[in-house]
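Take the given structure of chain A and dock chains B, C and D to it, following the hints.
One-letter residues, chain by chain:
4 protein chains.
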Amino acid sequence: MAVFEHRFRVRFQHTDPAGIVFFANILVYCHEAYEEFLRASGMPLEEFIGKREHSLPLGHAEATFKRPFRAGQLVTIKLSVGRIGERSFRLEYDLFGEEGEHLATAATVHVSVDRATGRSIGLDQKVRAILEKYAPPPA
Amino acid sequence: MAVFEHRFRVRFQHTDPAGIVFFANILVYCHEAYEEFLRASGMPLEEFIGKREHSLPLGHAEATFKRPFRAGQLVTIKLSVGRIGERSFRLEYDLFGEEGEHLATAATVHVSVDRATGRSIGLDQKVRAILEKYAPPPA
Amino acid sequence: MAVFEHRFRVRFQHTDPAGIVFFANILVYCHEAYEEFLRASGMPLEEFIGKREHSLPLGHAEATFKRPFRAGQLVTIKLSVGRIGERSFRLEYDLFGEEGEHLATAATVHVSVDRATGRSIGLDQKVRAILEKYAPPPA
Amino acid sequence: MAVFEHRFRVRFQHTDPAGIVFFANILVYCHEAYEEFLRASGMPLEEFIGKREHSLPLGHAEATFKRPFRAGQLVTIKLSVGRIGERSFRLEYDLFGEEGEHLATAATVHVSVDRATGRSIGLDQKVRAILEKYAPPPA
Chain A
1 MAVFEHRFRV RFQHTDPAGI VFFANILVYC HEAYEEFLRA SGMPLEEFIG KREHSLPLGH
61 AEATFKRPFR AGQLVTIKLS VGRIGERSFR LEYDLFGEEG EHLATAATVH VSVDRATGRS
121 IGLDQKVRAI LEKYAPPPA
Chain B
1 MAVFEHRFRV RFQHTDPAGI VFFANILVYC HEAYEEFLRA SGMPLEEFIG KREHSLPLGH
61 AEATFKRPFR AGQLVTIKLS VGRIGERSFR LEYDLFGEEG EHLATAATVH VSVDRATGRS
121 IGLDQKVRAI LEKYAPPPA
Chain C
1 MAVFEHRFRV RFQHTDPAGI VFFANILVYC HEAYEEFLRA SGMPLEEFIG KREHSLPLGH
61 AEATFKRPFR AGQLVTIKLS VGRIGERSFR LEYDLFGEEG EHLATAATVH VSVDRATGRS
121 IGLDQKVRAI LEKYAPPPA
Chain D
1 MAVFEHRFRV RFQHTDPAGI VFFANILVYC HEAYEEFLRA SGMPLEEFIG KREHSLPLGH
61 AEATFKRPFR AGQLVTIKLS VGRIGERSFR LEYDLFGEEG EHLATAATVH VSVDRATGRS
121 IGLDQKVRAI LEKYAPPPA
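Protein chains in written order, with the working numbering: chain A, 1 to 139; chain B, 1 to 139; chain C, 1 to 139; chain D, 1 to 139.
Next comes chain A alone, as it looks inside the complex:
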């Protein structure tokens, strides 16, 4: 089961007066990993948006925070594909610090929507092919 890795540094302005990263920024980091995953797979999000007939809005997001993230820290996100459905898919994220400590887990569910009607439709075949390279083996 393939895993996509994205590494980044926690920015000064992402931390709050308590000295730790504001929780919503951790979901922003996960979205950056998703952007880099699509880019590395040959389908950058900025080309996808507004050009294809399917859009992929988020239907759900969740995160569990195990340890605080601090300014200046290098973090590695391991992205994997949790589920590929008929009209949606789920990505899972594990975030680790420099010494391998587990900082957080997160997941996002992306829904395939027909741009014209706003209704859910079957996943774009190119998107499905990219996801299948990272998919868990069938149960």
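Calculated from the structure, these hints are not laboratory results.
Take these hints with a grain of salt, some might be off.
In this list, chains with the same sequence are indistinguishable; a pair is considered to hold if it fits within one copy or across any two.
[What the hints assert, rightly or not] With a Cα cut of at most 30 angstroms, we get these calculated BS3-like pairs of lysine-lysine:
| no. | residue 1 | residue 2 |
| --- | --- | --- |
| 1 | Lys-66 | Lys-126 |
| 2 | Lys-66 | Lys-78 |
| 3 | Lys-78 | Lys-126 |
| 4 | Lys-78 | Lys-133 |
Everything numeric in this text was worked out from a predicted model, so none of it was measured.
Just chains B, C and D now, kept in the frame of chain A:
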């Protein structure tokens, strides 16, 4: 069961090239409702942070998005207390548009942590008293 | 000379580990005042964007910070029109704390651009009429 | 005259409904270049904040935008030291796209402040030494 309401307008810069609010900003809006809830209860977060011996970092956050949020839209958040535990509490949020349409649900779990040791401890009594005013009736 | 006022509260997540608002957020607050100014004048930005043949990207922005902005503080922005040119206009902002203390000044220059060609063009007449109500008297 | 370079990719969530980067984010990118400049010089901002007796809040910021920044674009910032004063310094930034096109210029002025009194004081000697490596030759 008491509910706290917070109303705000979706800002231009919170929306992305697809014309809808970037998902992580919806959790930011929920945190703003939490800030206003504490302020209205006489315990503004900015006085709490760095002054009390307990801090309240988030342990978990989740959101389900039902309809897109658009720039300029007025949104009402209804915040309620989902659970009060020994060392943590859960807040729940329902977000509605101007015609009462249900836009999203979300929840955050806040953990009471001893500032000196970094370990979880029993909830501050003043925080507990505020939460109990909004708590669900005992099962 | 008319002045448009916008009042807001500094959010917890806008402040950094030094306990004060990250400087770029102060320009975000000014843009929110500009959004409210357009809305109050009957031309909300979200209706303007993507619908008119003119767009109004920023050509310049500047700010001078006199006192720190802290979480929870109520701030009033006074927006005035500094200059109306043939193809651009300049807005000026003064930011004040609750006791009238002067926190910052800022200015933004907005350029009228033809959406199709990307070149600057004369200001939209409706925009010009709105600005003139707030304009300084002719020299 | 030494120049420090920082390269980054424009993120999806930094762009607005008009499809271009929200102007205040361009100043955020400049601050990231400043953070990397300090880190590369052996004095990361996160170690500086809250630990030294001097703090370095911004006193002024300005930017002129020449071309739109788009999602997915790779941008290079060239940071140079514009002026080293007794109690403040000025950094200058030029931002370039992948084909060398000039996207924007910006500048920030940082003031040395005594943490205890809140008054301006002479620059920390270690900060001054770092800046002088990048300083313009004396006039």
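Consistency of the hints with the structure:
no. : hint             : verdict
1   : Lys-66 x Lys-126 : between (35 angstroms within a copy, 25 angstroms between copies)
2   : Lys-66 x Lys-78  : both (16 angstroms within a copy, 27 angstroms between copies)
3   : Lys-78 x Lys-126 : within (22 angstroms within a copy, 38 angstroms between copies)
4   : Lys-78 x Lys-133 : within (15 angstroms within a copy, 39 angstroms between copies)
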